[in-house]
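Starting from the known structure of chain A, fit chain B onto it as the hints suggest.
Chain order of the listed sequences is A and B. Residue numbering for the first sequence follows the working numbering, starting at 1 and increasing by one per position. Residue numbering for the second sequence follows the working numbering, starting at 1 and increasing by one per position.
Since the hints were derived computationally from the structure, they do not count as laboratory data.
No distinction is drawn between identical chains; accordingly, a pair holds when it is met within one copy or between any pair of copies.
List time: in silico DSS-like cross-link candidates among lysine-lysine, alpha-carbon distance up to 30 Å: (1) Lys100 <-> Lys38; (2) Lys63 <-> Lys141; (3) Lys42 <-> Lys63; (4) Lys63 <-> Lys27; (5) Lys63 <-> Lys38; (6) Lys38 <-> Lys56; (7) Lys139 <-> Lys100; (8) Lys169 <-> Lys100; (9) Lys141 <-> Lys100; (10) Lys56 <-> Lys42; (11) Lys141 <-> Lys169; (12) Lys56 <-> Lys100; (13) Lys27 <-> Lys38; (14) Lys63 <-> Lys100.
There are 2 protein chains.
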Amino acid sequence: MEEPAIYTPPLARLIEQFQRLPGIGPKTAQRLALYVIKRPEKDVEAFAQALLNAKKQVGVCQKCFHLSATSVCDICRNPQREPDVICVVADSRDVIALEKTREYRGKYHVLGGVISPMDGIGPEQLTIQALVQRVSAEKTKEVILAINPSVEGETTTLYLAQLLRPFTKVTRIAFGLPMGGDLEYADEVTLARALEGRRELD
Amino acid sequence: MEEPAIYTPPLARLIEQFQRLPGIGPKTAQRLALYVIKRPEKDVEAFAQALLNAKKQVGVCQKCFHLSATSVCDICRNPQREPDVICVVADSRDVIALEKTREYRGKYHVLGGVISPMDGIGPEQLTIQALVQRVSAEKTKEVILAINPSVEGETTTLYLAQLLRPFTKVTRIAFGLPMGGDLEYADEVTLARALEGRRELD
Numbered sequence: 001m002e003e004p005a006i007y008t009p010p011l012a013r014l015i016e017q018f019q020r021l022p023g024i025g026p027k028t029a030q031r032l033a034l035y036v037i038k039r040p041e042k043d044v045e046a047f048a049q050a051l052l053n054a055k056k057q058v059g060v061c062q063k064c065f066h067l068s069a070t071s072v073c074d075i076c077r078n079p080q081r082e083p084d085v086i087c088v089v090a091d092s093r094d095v096i097a098l099e100k101t102r103e104y105r106g107k108y109h110v111l112g113g114v115i116s117p118m119d120g121i122g123p124e125q126l127t128i129q130a131l132v133q134r135v136s137a138e139k140t141k142e143v144i145l146a147i148n149p150s151v152e153g154e155t156t157t158l159y160l161a162q163l164l165r166p167f168t169k170v171t172r173i174a175f176g177l178p179m180g181g182d183l184e185y186a187d188e189v190t191l192a193r194a195l196e197g198r199r200e201l202d
Numbered sequence: 001m002e003e004p005a006i007y008t009p010p011l012a013r014l015i016e017q018f019q020r021l022p023g024i025g026p027k028t029a030q031r032l033a034l035y036v037i038k039r040p041e042k043d044v045e046a047f048a049q050a051l052l053n054a055k056k057q058v059g060v061c062q063k064c065f066h067l068s069a070t071s072v073c074d075i076c077r078n079p080q081r082e083p084d085v086i087c088v089v090a091d092s093r094d095v096i097a098l099e100k101t102r103e104y105r106g107k108y109h110v111l112g113g114v115i116s117p118m119d120g121i122g123p124e125q126l127t128i129q130a131l132v133q134r135v136s137a138e139k140t141k142e143v144i145l146a147i148n149p150s151v152e153g154e155t156t157t158l159y160l161a162q163l164l165r166p167f168t169k170v171t172r173i174a175f176g177l178p179m180g181g182d183l184e185y186a187d188e189v190t191l192a193r194a195l196e197g198r199r200e201l202d
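Here chain A stands alone, though its shape is the one from the complex (with noise of 0.2 Å):
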């Protein structure tokens, strides 16, 4: 006879839906499925209702590629934003991210990813041509490149800068020390970057 499994089976597919998520291991999909099934019905429904509705009305802005539920993102229809600075990302996180600063007030444009050629992505496939349309016919008097220092970033920042500078001025967000950081334990890059990058104080 078959060794009876440890969870009654809709638990036990509730429990390997959790574990799919990122960064959830078997214990804390077991929590999680414990919780969920002693919450009231109606708690359950809405959660399942979010699942379903943020899946199937969230696109992308046909703009900007920016998470959206509206054919044209809020950022891009907001008046108040500054419609000649472009802010490139390459990822709707990094919007974000930007976003929670409060500090940022023109417009962004999503990539989709960086350019690497080791996994298959070439510019092509990414949102770069729709981005060169849009500094054209925007007249963008300032692109601000903001991608990840990685080796990809970086091919795609230098792949970014020669393809805008004929039409725009280009620059990229500065690298250096993070605040709170401490010179003795940032590493050597940081370091160099940061030293690199050092402003005259006036």
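Here is chain B on its own, set in the frame of chain A:
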């Protein structure tokens, strides 16, 4: 004009739902939600369905009160499990933990908590009456108390021992140094318990 939200509404609602789960903070909730909306639609539907099914189908076994999708659970129905040994635990997750050891071959009884007058939980809020009925009806040979050694757990253990001793042999699991533990770093209470529970070597 109101500051526009950082997340598009269906995404915000999904993040909020993830954040209600225990141990999931805002950053993890965002990561999980962004992961989910990039999954194929059928995967998200399977997740939502697993939530609804687990909530609708999983109840408790009418005999031992362990989580079960059937009126009597797999363990209670399994003829290969010793019918006259009952291990008493506070919660279904303790059954799961014990089952994972694959050492125990008897049955269980889930109390649904521990006696805690501070929280208004007395013996009548737990499945203690059903346990007494089972023990006397099933001619149980041994009841093993496997309840966490907290203040409330100890109270519950002592209460149950008194209550059940007229009917059957009552034992409790051993407390002591955990395997792989280090005498030097063990707390005093654990060490005292380990001394108290010493056994003769033969």
